[in-house]
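K.L.:
For the record, the sequence lines run as chains A and B. Per our numbering, the first sequence starts with residue 1, numbered consecutively. Per our numbering, the second sequence starts with residue 1, numbered consecutively.
Just so you know, the hints here were simulated from the structure itself, not pulled from any lab data. Since the model is a prediction, treat every value here as computed from it, not as a measurement. Where a beta carbon is used, it is the ideal one built from N, C-alpha and C, also for glycine. Accuracy of the hints is not assured; some may be wrong.
What the hints assert, rightly or not - Here are the simulated DSS-like pairs of lysine-lysine, each with C-alpha atoms no more than 30 Å apart in a straight line:
{"#": "1", "chain 1": "B", "residue 1": "Lys149", "chain 2": "A", "residue 2": "Lys9"}
{"#": "2", "chain 1": "A", "residue 1": "Lys18", "chain 2": "B", "residue 2": "Lys2"}
{"#": "3", "chain 1": "B", "residue 1": "Lys154", "chain 2": "A", "residue 2": "Lys18"}
{"#": "4", "chain 1": "A", "residue 1": "Lys700", "chain 2": "B", "residue 2": "Lys154"}
{"#": "5", "chain 1": "A", "residue 1": "Lys419", "chain 2": "B", "residue 2": "Lys149"}
{"#": "6", "chain 1": "A", "residue 1": "Lys51", "chain 2": "A", "residue 2": "Lys118"}
{"#": "7", "chain 1": "B", "residue 1": "Lys154", "chain 2": "A", "residue 2": "Lys9"}
{"#": "8", "chain 1": "B", "residue 1": "Lys2", "chain 2": "A", "residue 2": "Lys270"}
{"#": "9", "chain 1": "A", "residue 1": "Lys645", "chain 2": "B", "residue 2": "Lys149"}
{"#": "10", "chain 1": "A", "residue 1": "Lys705", "chain 2": "B", "residue 2": "Lys154"}
Claimed, not checked - Example chain B residues on the side facing chain A (calculated, C-beta under 10 Å, incomplete):
{"#": "11", "residue": "Met1"}
{"#": "12", "residue": "His4"}
{"#": "13", "residue": "Lys38"}
{"#": "14", "residue": "Gly40"}
{"#": "15", "residue": "Cys71"}
{"#": "16", "residue": "Arg128"}
{"#": "17", "residue": "Thr129"}
{"#": "18", "residue": "Gly133"}
{"#": "19", "residue": "Cys136"}
{"#": "20", "residue": "Gly140"}
{"#": "21", "residue": "Met155"}
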Amino acid sequence: MSELNYVGKRIPRSDGAKKVTGQAIYINDLKRPGMLYGAILYSRYPHALIKSIDVSRAKALPGVRAVITADDVPEIPIGFIKDNRPLKKGKVRSMRDEIAAVAATDPDIAAEAVSLIKVEYEPLPGVFTPEEALAEGAPLIHDLDFKGRPATSNKVKLPWKLVCGDPDEGKSRAKHVVEHEYRTTFVSHCCMGASGVVAEFDHDKNLTMYSITQIPYLAQGDYLEALKVLGLGRSKVRVLCQTIGGGFGSKLDTHCYEFIAILLSFATGKPVKILFSREEEFLAQATRQPTITRISQGCDENGRLTFREIKMLLDNGAYTSWGATTPSVMMVPASSLYRVPNVFYDADIVYTNNLYSQAFRGYGNPQATFAVECSMDELAEAAGIDPAEFRLINANQPGETSPQRFQITSCGLSECIEKVRDGLGWDQHLAAKAAGNHATGSKARGMGLASLIHVGGGARVYRSDGHGMIMKLDDFGKLSVFTGAVEIGQGTESTLRQVVAESVGLPIEDVNIVSHDTDICPWDVGTHASRQAFISCNAAIQCAGELKKKLFALAGEQMKADPAELEMREGSIFRKGAEDQAMPLLKVLKRAHFSTQGKMVMAETFYDPPNEMLDKEMKGNLSCSWAFGCHGVEVEVDTATGQVKILNYQAAHDVGKALNPLFIEGQIYGAAVMGTGMALTEELRLDHGKVMNGSFTDYKLLTAKDVLPVTPIIVETFDPAGPYGAKGIGEPGCVPSSPAIANAIYDAIGVRMSELPMTPERVLKAIKEKNR
Amino acid sequence: MKKHMQFILNGHEVTAEADTRQSLLSLLREEFELTGAKEGCGEGECGACTVIVDGLAVNSCIMPALEASGCRVETVEGLAGPDGSLHPLQQAFVDFGAVQCGFCTPGMVMSAKALLDEDAAPDEETIRTAIEGNLCRCTGYKQIVDAIKTAAEKMP
Numbered sequence: 001m002s003e004l005n006y007v008g009k010r011i012p013r014s015d016g017a018k019k020v021t022g023q024a025i026y027i028n029d030l031k032r033p034g035m036l037y038g039a040i041l042y043s044r045y046p047h048a049l050i051k052s053i054d055v056s057r058a059k060a061l062p063g064v065r066a067v068i069t070a071d072d073v074p075e076i077p078i079g080f081i082k083d084n085r086p087l088k089k090g091k092v093r094s095m096r097d098e099i100a101a102v103a104a105t106d107p108d109i110a111a112e113a114v115s116l117i118k119v120e121y122e123p124l125p126g127v128f129t130p131e132e133a134l135a136e137g138a139p140l141i142h143d144l145d146f147k148g149r150p151a152t153s154n155k156v157k158l159p160w161k162l163v164c165g166d167p168d169e170g171k172s173r174a175k176h177v178v179e180h181e182y183r184t185t186f187v188s189h190c191c192m193g194a195s196g197v198v199a200e201f202d203h204d205k206n207l208t209m210y211s212i213t214q215i216p217y218l219a220q221g222d223y224l225e226a227l228k229v230l231g232l233g234r235s236k237v238r239v240l241c242q243t244i245g246g247g248f249g250s251k252l253d254t255h256c257y258e259f260i261a262i263l264l265s266f267a268t269g270k271p272v273k274i275l276f277s278r279e280e281e282f283l284a285q286a287t288r289q290p291t292i293t294r295i296s297q298g299c300d301e302n303g304r305l306t307f308r309e310i311k312m313l314l315d316n317g318a319y320t321s322w323g324a325t326t327p328s329v330m331m332v333p334a335s336s337l338y339r340v341p342n343v344f345y346d347a348d349i350v351y352t353n354n355l356y357s358q359a360f361r362g363y364g365n366p367q368a369t370f371a372v373e374c375s376m377d378e379l380a381e382a383a384g385i386d387p388a389e390f391r392l393i394n395a396n397q398p399g400e401t402s403p404q405r406f407q408i409t410s411c412g413l414s415e416c417i418e419k420v421r422d423g424l425g426w427d428q429h430l431a432a433k434a435a436g437n438h439a440t441g442s443k444a445r446g447m448g449l450a451s452l453i454h455v456g457g458g459a460r461v462y463r464s465d466g467h468g469m470i471m472k473l474d475d476f477g478k479l480s481v482f483t484g485a486v487e488i489g490q491g492t493e494s495t496l497r498q499v500v501a502e503s504v505g506l507p508i509e510d511v512n513i514v515s516h517d518t519d520i521c522p523w524d525v526g527t528h529a530s531r532q533a534f535i536s537c538n539a540a541i542q543c544a545g546e547l548k549k550k551l552f553a554l555a556g557e558q559m560k561a562d563p564a565e566l567e568m569r570e571g572s573i574f575r576k577g578a579e580d581q582a583m584p585l586l587k588v589l590k591r592a593h594f595s596t597q598g599k600m601v602m603a604e605t606f607y608d609p610p611n612e613m614l615d616k617e618m619k620g621n622l623s624c625s626w627a628f629g630c631h632g633v634e635v636e637v638d639t640a641t642g643q644v645k646i647l648n649y650q651a652a653h654d655v656g657k658a659l660n661p662l663f664i665e666g667q668i669y670g671a672a673v674m675g676t677g678m679a680l681t682e683e684l685r686l687d688h689g690k691v692m693n694g695s696f697t698d699y700k701l702l703t704a705k706d707v708l709p710v711t712p713i714i715v716e717t718f719d720p721a722g723p724y725g726a727k728g729i730g731e732p733g734c735v736p737s738s739p740a741i742a743n744a745i746y747d748a749i750g751v752r753m754s755e756l757p758m759t760p761e762r763v764l765k766a767i768k769e770k771n772r
Numbered sequence: 001m002k003k004h005m006q007f008i009l010n011g012h013e014v015t016a017e018a019d020t021r022q023s024l025l026s027l028l029r030e031e032f033e034l035t036g037a038k039e040g041c042g043e044g045e046c047g048a049c050t051v052i053v054d055g056l057a058v059n060s061c062i063m064p065a066l067e068a069s070g071c072r073v074e075t076v077e078g079l080a081g082p083d084g085s086l087h088p089l090q091q092a093f094v095d096f097g098a099v100q101c102g103f104c105t106p107g108m109v110m111s112a113k114a115l116l117d118e119d120a121a122p123d124e125e126t127i128r129t130a131i132e133g134n135l136c137r138c139t140g141y142k143q144i145v146d147a148i149k150t151a152a153e154k155m156p
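Pulled out of the complex, with its shape left as it was, chain B reads as follows (with noise of 0.2 Å):
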C-alpha cells in the first residue's frame, strides 16, 4: 500500500508516494534516481547504503522510506557544492587514495560526514568506530582514515 510522504532531500523539500513495505534505499534510487547509495547485503549489515537521516548515518536498505517522513535526508549526491567543488571529506577521499572500487565509498563519505558533523576533531578511534560498520574490501580502511582525519582539519 503506497503512503503519501514530505520530507526534505539535499536540502529541497519533496513529496512521494511510498510503499508501506519500501526501503528508504529502494525509495531513493528508484523514485529519485540518486543511485550513488548501493545496496551492498540488504540486511544492514555493509554500510554501502548509508545516508544520514537528521544528523544520524543510517542503513537506508532496512529502515522504511516512509519513517524518513518530515525529516532531513542527506545523500552522497548533495555534498559537492552548487559549482561542482568536492566536499572536503570527498576531496580527502580522492587525495588519499581511499578510493579504489568505490562501491563502499558513497555509503564511507556518509558516515564520516555524519561523524564530522556531530565531532569537528575526532581522534583515530572515534573514526574508526564511526565506519565500522561499513565494510569494504579494497582499501584495508588505513587510506580512509587517513582521509577522514585530513578533512576534519581541513573543515572551518
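Bound-form chain A, shown alone (with noise of 0.2 Å):
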C-alpha cells in the first residue's frame, strides 16, 4: 500500500478530450435510420375526469405515423407502487399527467400534431398541500390503493416508522429542549441535458433502449415487464446507456416518457425517440421531495442529546416514484447524526394534485439534515453552549454501534468540524462577538456550521447490493473491464480505471473500461446512493486478484517460479525482489494462448458488500461504512434587502481515502453549489399544481457569477471496507449547506428561518416578523 501509481493521485478523466472535443454522443446527438420522433400531450387540469379524446386531426395530419391514448394500449403498471400508468385512462391527477402521444416523421409535425389532438375534461376539485388532502371530505385522489381495495384517505400507506431506545425516557431527562417546524420544497434537478430516449424493435421484437439510465439493469426488468403486458413475453431487451448530461438521481426511476416511446416504437415498427424539452423537462421530470418536519429533540445539562423526536409530512404528488421511500434515508440523520440514544422517526405520505418527486442527489438526507442541523443550534443555544462545542461533544466515533445499528467503523466528523470552525476563524468570530466587534446593522455578519451523515459503503435498498465485473487480457498486453457501473459525469470510469491499473498493475494507458451496454457487461444495481466508486472498485479488486491467481499460474510455468511469488507492475511480472529479473505480461500472454492447447486470461467477479436490509422495525447496517462531513459558511445578510451574500464557504468531508482528489473536489464544489441552491434560490413554483417558473429565467440556479468561495477539506480516515480505505461522496456534499446557511443566518440577525429556499422576500418577511 506504500508506494501507490495511481490510486490518490490528480489524474484527469479518461472521458475528457471526448467532452472538450464535442464527439461525445448524447442522446440528443443519437439518430437511428429510420427513427420517428415522439411528442407527448399532457393534461390542461390537476385532476379532471377525461369525457374525451378526439385524434383525428392529428391522425390525419402529413407524416404522422402513430398517434396512441390509454384506449389504444394495454395497461402498463409503474412506479415504486405501481400506481401510475404511461398514458393516464379515464382521469389525470397532474398536469404533468401523459394523455396521449403522438410519432412523427419530424419533432415539429409531432407537436403540431400534439396540439391538434382535442381532449373534453370534467375538471375536479384537486388538493394542493398534505395538509388539504389530509382533510376531511378531501377529494380521493385514488380511488383504489395499491393493493387494489378501495382507498379510504389519500394517505399512502408505507411503512416509516422507526424508534430506538425509549424517546419518552429520554424526553424526561432533558434539561433543555427545543422544537420547530421546517419546510423544504420542490427542487428541479436541472440536468443540463434534457431528458430523452430511442426506443428501437428489431424484426425479432427484441427491444433496444437507447437511454441515459442510471440503473440499466433495473430498467431492462421494468422494460421486460412492459414487453410482457404487450405479449412479447420471449422478447430481449438490451439497454444501452449514451453519454449522461447529468443525473443527480432523476434517471433512478423508469419514467413514463421511456414506456410511451417503446408504445410509440411498437405501434410503428420504427425506432422512436422522445427528446424533452426545457419546458417539459420541468414540468415533466419528478422533483425532490418536499417535507413538512416538526423535529424536537432535548439534551441533559452537560450538552449531550437524550432524545429526538421527528414527525414528517411529505407531498407524494400525484403518483408513487422513488420520493416516496426517501423517508428510509431521512431516517439515517433522523437516528445517527450525533450520538443521540432515543429516537422517534414516523412520515405521513400524503398523495396531492403536484407533481410527484423521486430520487434527488442525497435521497431525502438534505430535508432531513436541514431539521436535524438547526434545531442542533437551536438546542446548543438553550443549552448556552457553542454551537461547534455542542456539535463536537455530541459527535459520532468510530467503533459505535448507532440506535438504528449503523455500525460506525471510520469516522472523522470530529476532525472535520474542528477544521471547518478553523477554516472560518470561528473562535476569532466567537471572541469578536462577546467583545461587541463584529459586523450588525444593515449588513450583519455570522457564522453557521452544518454536518452531515451519509451511506459511504453502499446502500442495500435491495436485496442485492452488488456489482459484477469481467476483466478480459488480450493479446496485446491490454485489459478491458467489463463493468455495469453507469457514468454520469462524476468520474466513476475514471476512479475505476485507476483502481484496476493499480490493483492489476497495469500502465492505466493499458486499461479500457467498457460499459453501458446490458448485453456485455454484468449486472449492478445501480449508479445511486454514492456507492459507484466504493462497489465497483471493490469488485475491481476482488476481480484483480481473481486474474492475477490464472495470469500467475501461467507466468509460473513460464518463469519456473512459484506463482504465490509474482507479482506484476505496470505490465512486468517479477518474483518478489526481484524486479530486474521481469518477464513482460505480453510475452506470457502470447505464449499462454498460441501453443496447443493454449489458454486465454479473463476473470469474473460479483461484489456485494456486507451491509443489511433494514429490517421491519427499520434497523440495521443499511452501508458497510459512512461517510461524514461538515460544512460552515460565514454570511452577510444585507436587513434592508434580505440578500443573503457567502463569505466563506468551508466543506469537509471524511472520505476513507481520496481515490482521486481532483474528482473528489469536484463533486464538493459542485454539490455545495447544488446545497446552496436549495438553500437559497432554487424552487419549482406550483400554483394549483401547474409550474409557474419552468424555464431557466425563472427558476433560479446559480451562475458562475453568484461566486461561492468553497473551500473543500478532505479528511481521510482509511475505512477498513473501502477500496483502498475509500467511501462514497457522490451526494454528502449537498447534505449540510441549507442549515450551515440557516444557522450563520441566525447567527448575524437572529432569525430562524424555517422554509426553504430562504430568498431575500423570505428573510426580509422573517426580519419584520421578530421586529413586530
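Got two chains here, separate frames each, mind docking them using the hints?
P.N.:
Listed below in C-alpha cells is the structure:
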C-alpha cells in the first residue's frame, strides 16, 4: 500500500478529451435509420375526468405515423407501488399527466399533431398541500389503494416508522428541549441534458433502449415487464446508455416517457425518439421530495443529546416514485447524526394533485438534515453551549453502533468540525462577538455549521447491492474491464480505471473500461447512493485478484517460479524482490495463447458488500461504511434587502481515502453550489399544481457570477471496507448546505429561517416578524 | 422557405440552404453534423449552444441561421489542431476537472475562447462574467474558472 502508482493521484478523467472536443454522443445527438420523433400531450387540469379524446385531426396530419392514447394500448403499471400508467385512462391527477402521444417523421410535425388533439375534461376539485389532502371530505386522488382495495384516504401506506431506545425516557431526562417546524419545497434536478430516449424494436421484436438511465439493469427488468404486457414475453431487452448529461438521481426510476417511446415504436415498427424540451423537463421530470418536518430534541445538563423526535408530512404528488421512499434515508440523520440514544421517526406520505417526486442527490437527507442541524443550533443556544462545541460533544465516534444499528467503523466527524471551525475563524468570530466587535446592523455577519452522515459503503435497498465485473486480457497486453457502472459525470469510470491499473499492475493507458451495455456488461444495481466508486472499485480489487491468480499460474510455469511469489507492476511480472528479472506480460500472454491447448486470461467476479437491509423495525447496518462531513459558512445579511451573501464556505468531508482528489474536489464544489441553490434560490413554484417558473429565466440556478468561495477539505480515515480505504462522496456535499446557511443567518441577525429556499423576500419577512 | 447562404465554418468556406425559421444551432447540428454545440433549453438561457460568430459568443439556438451569412463561425469541433492536439483551453478543462457530465462543456469552452480572443489576460471577475450565461449543474464553476485562468496564462 505504501507505493501507489495511480490511486490517490490527480489523474484527469479519461473521457475528458471526448467531451471538450464535442465528440461525446449524448441522447440529443443520436439518430437511428428511419427514426421517428415522439411527442406527448399533457393534461390541462390538475384533477379532472377525461370525457373524450379526439385524435382524428392529429392522425390526418401528413407525416404522423401513430397517435396513441390509453384506449389503444394495454395497461402497463409503473412506479414504486405501480399506481402510475404511461398514458392515463379516464382521469388525470396532475398537470404532468400524459394523455396521448404522437410519432411523426419530424419533431415539428409531432408537436403540431399534439396541438391538434382535442380533449374534453370535467374538472374535479383538487388538493395541493398534504394538509388539504388529509382534511375531512378531501377528494380522493386514487379510488383504489395499491393493493386494489377501495381507498379510504389520500395517505400512501408505507412503513416509515422508527423507534430506538425509549424516547419518553429521553424526554424526561432532558434538561433543555427545543421544538420547531421546518419546510422544504420542490426542487428540480436541472440536468443540463434534458431527458430523452430512443426505443427500437428489431425484426424479432427484441427491444433496444438507447437510454440515459442510472439503473440499466433494473430498467431492463421494468421494460421486460412492459413487453410481457404487450404480449412479447419472449423478447429481449438491451439497454445502451449514451453519454449522460447529468443524473443527480433523476434517472433512478423508469419514467412514463420511456414507456411511451416503447409503445410508439411498437405501434410503428420504427425507432422512436422522445427528447424533452426544457419546459417539459421542469414539468414532467419528477422533483426532490418536499417536506414538512416537526422536530424536537433535547439534551442533558452536559449538552449530551437525550432524545430526538421527528414527524414528517410528505407531499407525494399524484403518483408514487422514489420520493415516497426517501424516508428510508431521512431516518439516517434522524437516528444517527450525532450520538442520540432515543429516537422517534415517523413519516406520513400523502397524495396530492401536485407533481410527484423522486430520487435527488442525498435522497431526502438534505431535507432531514435541514431540520436536524437547525434544531441542533437551537438546542445549543438553549443549553448555552457554543454550537461547534455542542456538535463535538455529541459527535459520532469510530467503533460505535448507532441506535438504528449502523456500525460506524471509520468516522472523521470531529476532525471535519474542527477543520471547518478553523477555516472559518470561528473562535475569532466568537471572541469578536463577545467583545461586541462583529458586524451587525444593515450588513450583519454571522457564521453557521452543519454536519452530515450518509451511506458511504453502498446501501442495501434491494436484496442485492452487488456489482458484476469481467476482466479480459488480450494478446497485446491490454485489459478490458466490463462493468455495470454508469458514468453520469462524476468520474466513476476514470476512478475505476485508476484502481484497476493499480490492483492489476498495468499502465493506466492499457486499461479499457467497457460499460453502458446490458448485453455485454454484468449486472449492477445502479449508480445511486454514492455507491459506484466504493462498489465497483471493490469489485475491481476482487476481480484483479482472480485475474492475477490465473495469470501468475501461467507465468509461474513459464518462469519456473512459484506463482505465490509473483507480482506485476506496470505490465512486468517478476518474483518479489527480483524486479530486474521481470518478464513482460505480453510475452506471458502470447506464449500461453499461441500454443497447443492454449489459454487466454479472463476473470469474473460479483462483489456484494457486507451491508444489511433494514429489518421490519427499520434497523440494520444499511451501509458497510459511513460518510461524514461538516460544512461551515460565513454570511453577510443585508437587512434592508434580505440578500444573503456567502463570504466563506468551508466544506470538510471524511472520504475514507481520496482515490482521486481532483474528482472529489469536483464533487464537493458542485454539490456545495447545488446545496446552496436549494438553500437560497431554487424552488419550482406550483400554483394549483401548475408549474409557474418552468424555465431557466424564472427558476433560479446559481451562475458563475454567484461566486461561492468553497474550500474543500479532504479528511482521510481509511475505512476498513473501502477500496484502498475509500468511502462514497457523490451525494454528501449537498446535504449540510441549507442548515449551515440558516444557522449563519441566525447568528448574523437572530432570525430563524425555517422554510427553503431562504430568498430575500422570506428573509425580509422573517426580519419583520421578529421586529413586530 | 429555404434560402441559399455562404459562410466560413471553422476556417472553411461552406454553403447551405437554410430555412428562414431555422436556428444556427439546428443548421450546424442537422446539416453539418457538428453536434458539439447542444440544445439545453432552446431559449438562449443556458449557453450549451454557444458558438462564436465573428468573434462574439452567441446562443446559436436563438440566432437565425441566415444571419450567419458571410460570417466567420467557430464551433468546438474547430478548436483542436490538425494533428488532434487539444487547444490550450480544452486541455486545461480536462486537466483541472472542469468537465463532469460534459453537456455544458462545448458551450462553456466557446464562451471562454471568445473571451480569450478578446482579452488575453482576464481577471477572475471578467472570466466569471464571460461564462455567466453558461449554466453548469455539475461543477460549481470553480474548476472551470481555474481552467480558463490557466489556459490564458499558457496561451501565446
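K.L.:
Next, verify each hint and record whether it holds.
P.N.:
Going down the list of hints, with the structure as the test:
Restraint check for Lys149/B and Lys9/A: the C-alpha separation of about 22 Å stays at or below 30 Å, so the hint holds. Distance check on the hinted pair: Lys18/A and Lys2/B sit about 34 Å apart at the alpha-carbon level, beyond 30 Å; violated. Under the criterion of a C-alpha separation no larger than 30 Å, the hint pairing Lys154/B with Lys18/A is consistent with the structure, at around 22 Å. The straight-line distance between the Cα atoms of Lys700/A and Lys154/B is roughly 34 Å, outside the 30 Å bound, and the hint therefore fails.
Pair hint Lys419/A plus Lys149/B holds up; C-alpha atoms about 28 Å apart against a cutoff of 30 Å. Restraint check: the Cα-Cα separation between Lys51/A and Lys118/A comes to about 11 Å, which is no more than 30 Å; the hinted pair holds. Pair hint Lys154/B plus Lys9/A holds up; C-alpha atoms about 23 Å apart against a cutoff of 30 Å. For the hint pairing Lys2/B with Lys270/A, the CA-to-CA distance comes to about 29 Å; that is within 30 Å, so the pair holds.
Distance restraint check for Lys645/A and Lys149/B: the Cα-Cα separation of roughly 24 Å lies within the 30 Å cut-off, and the hinted pair is therefore satisfied. Between Lys705/A and Lys154/B the alpha-carbon distance is near 24 Å, which keeps this suggested pair within the 30 Å criterion. Taking 10 Å as the C-beta cut-off, the interface hint given for Met1/B is violated, the closest approach to chain A being about 15 Å. Contact between His4/B and chain A, as hinted, is not supported at the beta carbon level, the nearest pair being about 22 Å apart and thus beyond 10 Å.
Hint status for Lys38/B relative to chain A: holds, with the closest Cβ pair at about 6 Å, below 10 Å. For Gly40/B, the shortest C-beta to C-beta distance to chain A is roughly 5 Å, which falls under 10 Å, so the interface hint holds. The closest approach between the C-beta of Cys71/B and any C-beta of chain A is roughly 20 Å, which is over the 10 Å cut-off, so the hint fails. Restraint check, Arg128/B versus chain A: the minimum CB separation of about 5 Å is within 10 Å; hint holds.
A cut of 10 Å between beta carbons decides the hint on Thr129/B: the least distance to chain A is about 7 Å, and the hint holds. Hint status for Gly133/B relative to chain A: holds, with the closest Cβ pair at about 8 Å, below 10 Å. The criterion of a C-beta within 10 Å of any C-beta in chain A is met by Cys136/B, whose closest approach is roughly 7 Å, and the hint holds. The restraint placing Gly140/B at the interface with chain A holds, with a minimum CB-CB distance near 4 Å, inside the 10 Å limit.
Using the Cβ-Cβ criterion of 10 Å, the hint placing Met155/B at the interface with chain A is not satisfied: the shortest such distance is roughly 15 Å.
Consistency note: the structure conflicts with the earlier hints numbered 2, 4, 11, 12, 15, 21.
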